[in-house]
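Protein chains in written order, with our numbering: chain A, 2 to 196; chain B, 7 to 73.
Simulated from the structure, these hints should not be mistaken for laboratory data. Check before you lean on any hint, since a few could be wrong.
[Stated by the list, open to error] Think about it this way: if two alpha-carbon atoms lie no more than 25 Å apart in a straight line, the pair counts; the simulated DMTMM-like pairs of lysine to aspartate or glutamate are:
#, chain 1, residue 1, chain 2, residue 2
1, B, Lys60, B, Glu27
2, B, Lys43, B, Asp69
3, B, Lys56, A, Glu136
4, B, Lys8, A, Glu136
5, B, Lys60, B, Glu17
6, B, Lys43, A, Glu50
7, B, Lys56, B, Asp45
8, B, Lys8, A, Glu144
9, B, Lys43, B, Glu63
10, B, Lys43, B, Glu67
11, B, Lys8, B, Glu40
12, B, Lys56, B, Asp69
13, B, Lys56, B, Glu67
14, A, Lys101, A, Glu50
15, A, Lys104, A, Glu50
16, B, Lys43, A, Glu136
17, B, Lys8, B, Glu19
18, B, Lys60, A, Glu50
[Claimed, not checked] Here are some, though not all, of the chain B residues that point toward chain A, as calculated from beta-carbon distances under 8 Å:
#, residue
19, Ser21
20, Val31
21, Ser32
22, Gln34
23, Ala38
24, Lys43
25, Tyr44
26, Ser47
27, Leu48
[As the list claims (entries may be wrong)] If you anchor each label on the Cβ, the simulated ranges turn out as follows:
#, chain 1, residue 1, chain 2, residue 2, range
28, A, Thr190, B, Glu42, 18 to 26 Å
29, A, Ser155, B, Lys8, 34 to 42 Å
30, B, Leu48, A, Arg109, 18 to 26 Å
31, A, Lys104, B, Ala23, 37 to 45 Å
32, B, Lys8, A, Ala161, 43 to 51 Å
33, A, Trp175, B, Gly59, 51 to 59 Å
A virtual CB, placed ideally from N, CA and C, is assigned to each residue, including glycine.
As a plain string of letters, each chain reads:
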Amino acid sequence: MENIPVGACGTIGKRFTRESSRDFFLSAAGTGLFLVAFAVARRAGMAGESGLAIPAGCAAVFFLGLAVWPFVRMARRSDDWALSQAAMLAFFVFFSLDEKFPKGSAWRFATVLLTLVPAAVLLWSLIRLFRRADELQRRIVYEALAVAFVATLSVTVTGAFLQSAGLPAIGWIWIAGLLVVSWTVGLVTASRRYR
Amino acid sequence: MKNRLRVLRAEREWSQAQLAERLGVSRQTINAIETEKYDPSLPLAFAVAKVFGKLIEEVFEPDGARS
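Given only the sequences and the hints, what does the whole structure look like? Please build it.
Given below as structure tokens:
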């Protein structure tokens, strides 16, 4: 059994085999090209240039397929760590898309809902990763989750009180960021204790 | 909890990774047990003893045990 990379600070690179790296970068390249084609199609569509919008739209679909195919390969290989990293990247890319459309438009809702797909893949890959973990690795993850829970709870409750006292409101997205950061800090500290 | 894991492993010339593979755990877990930073669960302790062909009390010794 290999180390859980997230539970062992410094072993992240070791889990990325050559095959993992190739799939990850292929997915990232596909996503990048999809973004470019998508932006071209959107601008052409808004300007009423169907001659450019249709081929750019087709290219966007093709590149989306190129970005998704490595996910299938990684899932088949049970390469869950690489899969989770690629899913996280895809999540942030799709998340950044929603501001390209005006508020209230159907496209904006569609792109926001699209972020649920990589989020589901991320969840699935992490669950598979943790189910394969041994008892010490599970303890490390458990300790890190406890740290993240308490840290996020304390900061959000304090933030809520400060807000009611007159501090300007901050976006909900920062809570997710805080959760990820505190979880990572918890993983690193718990992992170091058992090194 | 004290243990003789390092000695028993050295006698058989196994690396931590080889022992980890035999037990189906990570190398990090073997290292944490050897350095006595982590006490294994009872099933894992029995598995360790079985791998070395010993009784569990021949591998692990609780802190403050009489010799």
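For each hint, the structure was consulted:
Annotation: proposed proximity of B/Lys60 to B/Glu27 holds, straight-line Cα distance about 19 Å (limit 25 Å). Taken as a hint, the B/Lys43 and B/Asp69 pair is honoured in the structure, with Cα atoms around 13 Å apart against an allowance of 25 Å. Simply put, B/Lys56 and A/Glu136 have alpha-carbon atoms about 18 Å apart, close enough for the 25 Å limit, and the pair holds. Straight-line distance between C-alpha atoms of B/Lys8 and A/Glu136 comes to about 19 Å, which keeps the hinted pair within the 25 Å bound.
Using a Cα cut-off of 25 Å, the hinted pair B/Lys60 and B/Glu17 holds, with the two alpha carbons roughly 13 Å apart. Straight-line distance between C-alpha atoms of B/Lys43 and A/Glu50 comes to about 67 Å, which puts the hinted pair past the 25 Å bound. Using a Cα cut-off of 25 Å, the hinted pair B/Lys56 and B/Asp45 holds, with the two alpha carbons roughly 17 Å apart. The straight-line distance between the Cα atoms of B/Lys8 and A/Glu144 is roughly 24 Å, inside the 25 Å bound, and the hint therefore holds.
Taking the CA atoms of B/Lys43 and B/Glu63, the gap is about 19 Å. The hint holds against a cut of 25 Å. The hinted pair formed by B/Lys43 and B/Glu67 meets the criterion: a straight-line CA distance of about 14 Å does not exceed 25 Å. For the proposed pair B/Lys8 and B/Glu40, the alpha carbon gap of about 9 Å is at most 25 Å, so the pair holds. Under the criterion of a C-alpha separation no larger than 25 Å, the hint pairing B/Lys56 with B/Asp69 is consistent with the structure, at around 22 Å.
In summary, the hint linking B/Lys56 to B/Glu67 is supported, as the alpha carbons are separated by about 16 Å, within the 25 Å threshold. For the hint linking A/Lys101 to A/Glu50, the alpha-carbon distance of about 18 Å falls within 25 Å, and the restraint holds. For the suggested pair A/Lys104 and A/Glu50, the alpha carbons sit about 23 Å apart, so the restraint of at most 25 Å is met. Simply put, B/Lys43 and A/Glu136 have alpha-carbon atoms about 14 Å apart, close enough for the 25 Å limit, and the pair holds.
This hinted pair checks out: B/Lys8 and B/Glu19 have alpha carbons roughly 21 Å apart, not beyond 25 Å. Between the alpha carbons of B/Lys60 and A/Glu50 the distance comes to roughly 78 Å, so the proposed pair goes past 25 Å and is violated. This hint is violated: B/Ser21 has a C-beta 15 Å from the nearest C-beta of chain A, more than the 8 Å allowed. Restraint check, B/Val31 versus chain A: the minimum CB separation of about 4 Å is within 8 Å; hint holds.
At about 5 Å, the closest approach between the beta carbon of B/Ser32 and any beta carbon in chain A falls short of 8 Å, and the interface hint on this residue holds. The criterion of a C-beta within 8 Å of any C-beta in chain A is met by B/Gln34, whose closest approach is roughly 5 Å, and the hint holds. Taking 8 Å as the C-beta contact cut-off toward chain A, the hint placing B/Ala38 at the interface holds, the least distance being around 4 Å. Residue-level restraint check for B/Lys43 holds (minimum Cβ-Cβ distance to chain A is 5 Å; threshold 8 Å).
Nearest Cβ of chain A to the Cβ of B/Tyr44: about 5 Å, under the 8 Å cut. The hint holds. Restraint check, B/Ser47 versus chain A: the minimum CB separation of about 5 Å is within 8 Å; hint holds. Checking B/Leu48 against chain A by beta carbon gives a least distance of about 11 Å; that is not within 8 Å, so the hint is violated. Between A/Thr190 and B/Glu42 the C-beta distance comes to about 19 Å, which sits within the given range of 18 to 26 Å.
Take A/Ser155 and B/Lys8: their Cβ atoms lie about 38 Å apart, and the range 34 to 42 Å holds. The supplied range of 18 to 26 Å is broken by B/Leu48 and A/Arg109, whose beta-carbon atoms lie about 55 Å from each other. Between A/Lys104 and B/Ala23 the beta carbon distance is about 55 Å. The supplied range of 37 to 45 Å is therefore violated. For B/Lys8 and A/Ala161, the hinted distance range of 43 to 51 Å is satisfied, since their beta carbons lie about 49 Å from each other.
At roughly 56 Å, the beta carbons of A/Trp175 and B/Gly59 sit within the given window of 51 to 59 Å.
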